[in-house]
Amino acid sequence: MAESLQKRLQSELDKYKSVQKDFQKYVMQRQQLDAQLTENNVVKEELNLLKPDATVYKMIGPVLVKQDLEEAKQTVSKRIEYITGEIKRVDTTTKELEKKQESHRDTLSKLQQQFQQAQVKAAMKS
Amino acid sequence: MASPKQVDISQLQVPQLEMLRQQLDQEIELFSTSLQQLKIAQQKFVESEQSLVRMTPDTDGSEILVPLTSSMYVPGKLSDISNVLIDIGTGYYVEMDVNNGKEYFKRKTDYVTKNLEKVQPMLQEKYKLKQVTMEVLQTKIQAQLATKQAAAKT
Chain A
1 MAESLQKRLQ
11 SELDKYKSVQ
21 KDFQKYVMQR
31 QQLDAQLTEN
41 NVVKEELNLL
51 KPDATVYKMI
61 GPVLVKQDLE
71 EAKQTVSKRI
81 EYITGEIKRV
91 DTTTKELEKK
101 QESHRDTLSK
111 LQQQFQQAQV
121 KAAMKS
Chain B
1 MASPKQVDIS
11 QLQVPQLEML
21 RQQLDQEIEL
31 FSTSLQQLKI
41 AQQKFVESEQ
51 SLVRMTPDTD
61 GSEILVPLTS
71 SMYVPGKLSD
81 ISNVLIDIGT
91 GYYVEMDVNN
101 GKEYFKRKTD
111 YVTKNLEKVQ
121 PMLQEKYKLK
131 QVTMEVLQTK
141 IQAQLATKQA
151 AAKT
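Chains A and B, in that order, give the protein sequences.
The UniProt record's numbering puts the first residue of the first sequence at 1, with every later residue one more than the last.
The UniProt record's numbering puts the first residue of the second sequence at 1, with every later residue one more than the last.
Everything labelled a hint here was simulated from the structure, so no lab data went into it.
Being a predicted model, the structure only gives us computed values, none of them experimental.
Note that CB positions come from ideal geometry on N, CA and C, so glycine has one too.
Hints are not guaranteed to be accurate.
Unchecked claim - Cβ-Cβ distance ranges computed for the label pairs, FRET-style:
1) B:E117 to A:E45: 34 to 40 Å
2) A:E3 to B:Q37: 48 to 54 Å
3) A:A122 to B:L35: 23 to 29 Å
4) A:Q74 to B:Q43: 31 to 37 Å
5) A:E102 to B:N115: 47 to 53 Å
Using the sequences provided together with the hints, build the complete structure.
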């Protein structure tokens with residue numbers, strides 16, 4: 001009885017840990033996306049402040065390539081769009097994982113209680 | 001991240017307090033690194049602006065040493081002191097004249113300083129919260145120990 005309970009406890013704990021890991025991964029991803037979004041917004045602001053005839057270069061690998069200001073603006077806007085979409089996607093996944101985490105925590109604490117009760121019973125018998 | 005509803009932490013149990021403490025620790029670490037990075041960024045912008053101040057008309061054509069590596073230099077001449085190329089982020093570089101460049105760096109320094117001023121009070125707030133949490137946690141643990149000892153005696 002106690003052994004099977006222990007096994008269940010262990011497998012539940014493993015599951016919880018793996019969910020926790022996933023959760024942390026997504027939180028990290030979210031932070032990175034946030035940083036990218038901020039940087040792109042800053043660049044967009046800066047590009048909007050420029051005169052239309054300003055010279056803009058884009059770094060491609062180790063070389064600087066001249067680029068049209070309008071084109072640069074469009075690229076940055078598109079990037080912002082993409083990143084915002086990604087953030088939404090990551091947010092929904094983190095919310096799901098959070099719920100999963102909570103349900104795992106619940107079952108874990110229940111199992112723990114059962115386990116403790118079983119132990120107390122065993123101690124009483126002996 | 002902020003909890004929407006007010007919770008009286010003296011009502012919390014020890015494990016919950018422990019979780020709160022861990023969360024606060026993480027947040028403090030995050031804010032501390034952010035603060036450091038912002039300070040580094042601020043320093044960089046200030047330095048760049050100061051370099052631009054040195055680009056006066058009488059430095060036109062003056063000899064400079066261009067670093068090829070960190071320990072090897074080749075002599076060169078300043079050919080254009082009125083325009084500079086500035087990295088505005090995400091791989092974009094813009095050609096600006098010195099005055100615009102100075103304005104750009106001023107703007108950036110202001111931006112970073114503003115964010116610094118935002119993060120600093122947040123960090124202090126977290127420190128205070130952590131201290132309170134630790135105090136409550138300590139009293140709870142001590143109370144638990146006391147009841148256990150009292151139970152052991154009887």
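key: CB-CB spacing for B:N115 and A:E102 relative to the 47 to 53 Å hint   = For B:N115 against A:E102, whose Cβ atoms are near 33 Å apart, the range 47 to 53 Å is violated.
Range hint compliance [Cβ, A:E3 to B:Q37, 48 to 54 Å] = For A:E3 and B:Q37 the Cβ distance comes to about 51 Å; the hint holds.
Pairwise beta carbon distance, A:A122 to B:L35, judged against the given window 23 to 29 Å = violated (53 Å)
ask   = Do B:E117 and A:E45 keep their Cβ atoms within the hinted range of 34 to 40 Å?
value = This hint is violated: roughly 19 Å between Cβ atoms.
query = Could one say that the CB atoms of A:Q74 and B:Q43 fall in the range 31 to 37 Å?
reply = holds (33 Å)
Going through the hint list in order, the structure does not satisfy hints 1, 3 and 5.
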